[in-house]
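Full structure from sequences and hints, please.
Heads up: the sequence lines are chains A and X, in that order. Numbering-wise (the numbering used here), the first sequence opens with residue 7 and increments by one. Numbering-wise (the numbering used here), the second sequence opens with residue 7 and increments by one.
What the hints contain is simulated information worked out from the structure, not anything from laboratory work. There may be inaccurate statements among the hints.
Since the list gives no way to pick out one identical chain from another, each pair is judged satisfied if it fits inside one copy or across any two copies.
Restricting the straight-line Cα-Cα distance to at most 25 Å, the calculated cross-link-like pairs of lysine to aspartate or glutamate (DMTMM-like) are [stated by the list, open to error]:
hint : residue 1 : residue 2
1    : K573      : E448
2    : K607      : E575
3    : K607      : D518
4    : K564      : E611
5    : K607      : E327
6    : K564      : D595
Residues per chain are reported as follows:
There are 2 protein chains.
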Amino acid sequence: MTSAKKQLTPVPFTAVRFEDAFWAPRIEVNRKVTLPHIYKKLEETGRISAYDLNFQRPVPSPIVLIFGDSDPAKWLEAASYSLATHPDPELEAIVDRVADKVISAQQPDGYLNTHFTVTQPEMRWKNLRDWHEMYCAGHWMEGAVAHYEATGKRKLLDAFARNADHIAKEFGPNPGQRRGYCGHPEIELALVRLYHATGNRAYLDLSKFFVDERGARPHYYDLEARERGEAPAKFWAKTYDYCQAEVPVREQSKVVGHAVRAVYLLTAMADLADEYNDESLLKAADRQWDNLVTRRMYLTGGIGPSQHNEGFTEDYDLPDETAYAETCATIGLVNWNHRMLQFAGESRFVDAMERGIYNGLLSGVSLEGSNFLYVNPLSSSGNRHRVPWFECPCCPPNVARTVASAGKYLYSTSADGLWLHLYAGNSAEIKLGGQSVKVKQETLYPWDGAVKLSFGLAQPQTFTLHLRVPGWCKSFSLSVNGAAQDVQPGAGGYLAITRAWQDGDVVTYTMDMPIEAVWANPQVRLLEGRVAIQRGPIVYCLEGVDHGGILLDQISVKASDITSSFKVEYKPDFLGGAAVITGQGRVIDGSSWGDALYQAKAPAEKDIQLTAIPYCVWDNREPGEMRVWLRQG
Amino acid sequence: MTSAKKQLTPVPFTAVRFEDAFWAPRIEVNRKVTLPHIYKKLEETGRISAYDLNFQRPVPSPIVLIFGDSDPAKWLEAASYSLATHPDPELEAIVDRVADKVISAQQPDGYLNTHFTVTQPEMRWKNLRDWHEMYCAGHWMEGAVAHYEATGKRKLLDAFARNADHIAKEFGPNPGQRRGYCGHPEIELALVRLYHATGNRAYLDLSKFFVDERGARPHYYDLEARERGEAPAKFWAKTYDYCQAEVPVREQSKVVGHAVRAVYLLTAMADLADEYNDESLLKAADRQWDNLVTRRMYLTGGIGPSQHNEGFTEDYDLPDETAYAETCATIGLVNWNHRMLQFAGESRFVDAMERGIYNGLLSGVSLEGSNFLYVNPLSSSGNRHRVPWFECPCCPPNVARTVASAGKYLYSTSADGLWLHLYAGNSAEIKLGGQSVKVKQETLYPWDGAVKLSFGLAQPQTFTLHLRVPGWCKSFSLSVNGAAQDVQPGAGGYLAITRAWQDGDVVTYTMDMPIEAVWANPQVRLLEGRVAIQRGPIVYCLEGVDHGGILLDQISVKASDITSSFKVEYKPDFLGGAAVITGQGRVIDGSSWGDALYQAKAPAEKDIQLTAIPYCVWDNREPGEMRVWLRQG
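As structure tokens, then:
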């Protein structure tokens with residue numbers, strides 16, 4: 007990257023209408039099932055009525071209740087996105103009611119947090135490290151921006167602008183202000199969005215202050231702990247790495263601590279690098295990106311292996327079965343990479359984004375839309391199963407807002423033209439060079455690599471079409487109006503076709519999508535001798551239900567069979583429509599083993615027909631074993 | 007088994023003098039290093055001064071302090087065994103001082119427990135489920151018996167006989183007595199020993215009462231919980247299986263709950279079956295034995311995979327790296343099998359005993375004698391390392407008493423003759439048919455399978471010599487005074503040679519001891535495709551220190567290489583003297599892999615020279631990776 011200014015601008019999701027078998031049904035399920043389901047759960051768990059400010063709660067309260075305001079915020083953000091593409095008066099009425107209720111809870115000084123208004127008003131802003139006050143505020147700012155953009159109604163936006171004004175008064179570098187920042191990054195990226203929605207640069211500066219102040223000494227979390235009468239050393243996580251505040255962000259080289267916090271902060275860093283043309287910030291983020299993508303990311307785009315800190319541990323520590331890989335963390339990974347992508351249009355960021363979206367993110371929600379995974383392991387003994395809700399329900403509304411706005415990941419524009427990042431069957435209307443360009447994609451992607459792209463233009467226009475060549479794609483073919491094009495990807499991994507595009511022009515782009523055998527870096531402990539099946543961006547897994555409920559590690563495969571004899575078939579009526587891979591493996595045959603627990607004789611083996619399904623749709627049938635990394639035979 | 011009466015009688019360890027390179031140095035280290043080390047730690051942690059009854063302790067107290075009396079008890083038992091074979095006036099003086107101090111803490115009514123005398127006298131006998139009062143008493147009874155047998159001094163024995171009298175008054179089936187029993191079995195087996203030492207049959211009956219009462223309804227632990235004002239359902243373990251009291255012992259079919267508790271109870275069940283000729287009790291124990299040995303035992307004789315309950319989980323749940331396999335549990339396994347063996351002389355019990363002793367038991371102590379493992383996993387990432395002491399220091403003195411009395415596992419006598427169970431270089435003087443028979447074994451066992459056995463007899467005697475053919479032994483040869491014998495093992499797995507034995511008779515018995523590749527039952531999850539190296543009773547492992555510190559799972563081996571080309575060499579100066587196995591494997595060579603975390607290309611492999619060492623001596627050098635179950639190449 008040569009500049010810290012974003013050269014690309016994402017095309018908003020509102021410009022994209024999915025017409026495919028992958029996203030369109032998921033967005034419909036999200037709208038019809040997931041959003042009402044989450045709202046019901048929010049009501050049942052008192053997260054809506056909390057804004058009546060008349061609840062009772064023990065002190066100390068469970069942390070999930072303290073930051074409970076963030077859950078309706080994310081739901082309202084998701085609902086607003088849905089309203090933006092699918093107007094729905096009934097849903098809009100509920101959203102309005104919730105917005106009014108939330109606004110009614112705002113204090114005269116602009117403060118707005120139910121827990122610290124009702125239960126512990128004397129503790130307001132007293133524990134930024136642990137109590138998520140700014141995190142909740144940040145999610146509401148995002149919700150308010152979404153609500154405003156979807157409905158044009160300013161009331162919620164104005165309320166959270168007042169809230170931001172209040173925070174900007176309390177915190178900052180000036181005399182009389184506190185130099186604090188939230189233990190759970192989120193407000194930083196939200197303030198950038200609030201700045202864009204309101205034009206008030208004070209929010210941008212506040213975001214920059216929060217990011218720049220992080221890790222400064224004397225440490226704010228030490229100071230506030232002592233003010234509470236607590237020894238700073240009593241902090242359970244033992245290190246401020248947990249909240250990415252052990253060192254200033256520009257000195258951080260590895261991605262550390264709580265994974266969601268890390269990627270939310272990195273997202274804000276990317277945004278601020280652009281806003282302030284701050285190369286040091288972008289370089290710092292890119293350094294962590296490098297560490298993450300070459301050392302600390304699961305094949306599925308899951309991040310944060312450890313339950314202990316819901317986050318990162320050591321380089322190459324990526325155990326499959328005990329993977330934490332929180333759904334929210336992959337969502338954050340996707341959004342951070344989406345931001346990084348806009349600087350120079352580098353495909354490597356879409357590779358990470360795509361890995362996350364089509365695997366460890368969508369695995370977070372069931373196909374029918376009302377059951378969720380918080381933790382996304384790459385192997386299961388059958389003890390994992392999606393559930394309707396969590397004590398800490400951060401993931402469901404996070405998935406909902408992501409699916410509702412999935413269209414935003416597809417396209418960008420730049421001074422010279424149009425960028426296609428992710429492929430999907432859709433019609434989009436994109437503002438480019440002063441006119442509206444209609445783009446229609448016909449493709450079965452991600453189940454097939456052939457994309458037919460048609461342009462609708464009121465008048466011819468010369469621009470560059472940038473087509474991403476995914477990292478997984480080793481060969482492709484391209485034609486424009488039937489004429490084969492000999493074009494190779496540039497340094498950023500995109501094909502660039504510059505011409506005077508005319509109405510009705512058709513680009514046919516076929517990415518070869520063979521079934522591949524994938525290995526992990528040999529430094530990843532416990533994945534030695536194992537191989538995974540991947541096709542295009544889709545990581546596959548075996549499920550017990552397709553293999554007679556045997557222990558899946560009894561199965562072994564030859565990598566050469568995966569690439570030479572395994573077959574793929576798109577099944578429109580199976581698991582919501584999925585390309586299923588079948589092939590032959592070997593299985594240990596315990597039938598002649600007998601009753602001995604150990605013996606000096608190898609167990610027999612026999613052939614077995616294997617069925618591999620996309621990881622993102624595992625556990626949509628009866629619960630059982632699941633395994634991504636297969637034993638090589 | 008056709009009778010519930012023991013047909014064999016163990017030859018006491020005092021009759022056996024080790025003259026070998028395996029046990030003799032271990033017993034010497036135990037005497038010279040381990041016993042003083044433990045005593046020092048007991049003093050440092052206030053477990054000796056506790057008997058001055060003037061300590062202060064918070065309420066509620068950590069459970070490890072509540073049952074702290076059991077630690078000096080086991081140490082005194084170990085020290086007494088040592089005195090029995092190695093008189094040592096200095097050690098005897100310390101033992102006497104400790105005994106006097108303990109006796110001085112006895113209450114007028116016979117009660118003797120420091121915690122419930124000093125800290126919570128009002129809670130005496132109020133929580134049998136959790137508080138280990140009888141467990142501590144049981145260990146002191148064992149210590150007192152050992153002390154009496156070693157020194158002839160009755161004072162400690164008399165004190166704990168009074169203690170047992172007190173308990174027998176409080177607990178039992180009669181009106182005015184409570185029908186309670188200890189949550190941690192131990193007193194049951196101790197009371198049998200106390201009965202043998204004192205001749206007082208009341209102790210035997212009390213033991214039987216405790217065993218028979220276990221699991222009866224209404225449940226004693228429910229009743230006592232309610233008396234304490236606690237809801238029985240609040241019991242953390244959720245099931246009385248944890249303490250083997252969910253159902254009556256005769257109805258229990260699987261070995262469940264806390265592993266040490268399980269095997270201590272089963273030991274008492276074996277003893278009581280014999281004492282009362284109670285076939286139902288023996289059958290119940292044998293049923294659990296079958297479940298344990300065919301479903302729930304590690305290759306090393308470790309038992310109890312889970313840290314959660316320090317115990318058993320499900321059939322075939324034997325993960326290697328997270329194995330709990332507490333040292334004390336394997337000690338209990340060994341002692342229980344030693345009891346079961348005496349019924350009919352079945353080699354299967356020695357197979358389990360031997361597996362435990364030479365692997366998961368001796369791994370509990372370092373070769374230099376002052377560092378211990380509590381947990382004995384079969385794979386380590388390098389995060390395990392022996393330590394001098396534990397907050398819960400049950401294992402160190404348990405190892406010490408076991409090593410000090412190891413001679414007891416070797417021989418038994420029966421009406422018809424002499425039984426050799428474990429082989430070891432030693433001289434023994436055994437009472438048989440009214441005369442003293444001298445037996446001398448010359449062997450490098452367990453490092454070699456050749457045993458030369460010489461008899462010393464004042465006059466010829468006709469008896470049957472029963473020689474065990476270990477379960478691991480597929481072929482052997484036998485000669486008497488140079489004349490080859492064609493004899494096959496009987497149903498119990500022993501060779502029987504009946505003759506008029508004469509002074510100077512020599513039996514040469516050679517068990518072939520090839521290097522073997524061993525597999526686990528295919529139902530053991532996560533061991534699929536893995537193989538272990540075993541030779542004779544010794545399970546081998548790889549250590550990082552012998553392989554350049556690479557990740558050991560990068561190594562793969564061919565089972566056919568293990569059995570055909572791997573070599574064994576006894577190295578007298580390596581790891582305390584050990585047979586080391588070497589051979590060629592393959593290793594993943596990451597040097598050409600590059601920086602990618604995942605790629606569609608297999609990593610290179612190359613040959614590697616492997617060094618496998620006995621599992622029981624792992625972690626005696628620098629800490630690092632260790633692995634028993636190797637990946638098959």
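Here is what the structure says about each hint:
no.: 1; hint: K573 - E448; in the structure: within (23 Å within a copy, 64 Å between copies)
no.: 2; hint: K607 - E575; in the structure: between (39 Å within a copy, 24 Å between copies)
no.: 3; hint: K607 - D518; in the structure: between (44 Å within a copy, 17 Å between copies)
no.: 4; hint: K564 - E611; in the structure: both (14 Å within a copy, 16 Å between copies)
no.: 5; hint: K607 - E327; in the structure: between (28 Å within a copy, 23 Å between copies)
no.: 6; hint: K564 - D595; in the structure: both (17 Å within a copy, 19 Å between copies)
When each numbered hint is compared with the structure, no violation occurs for any of them.
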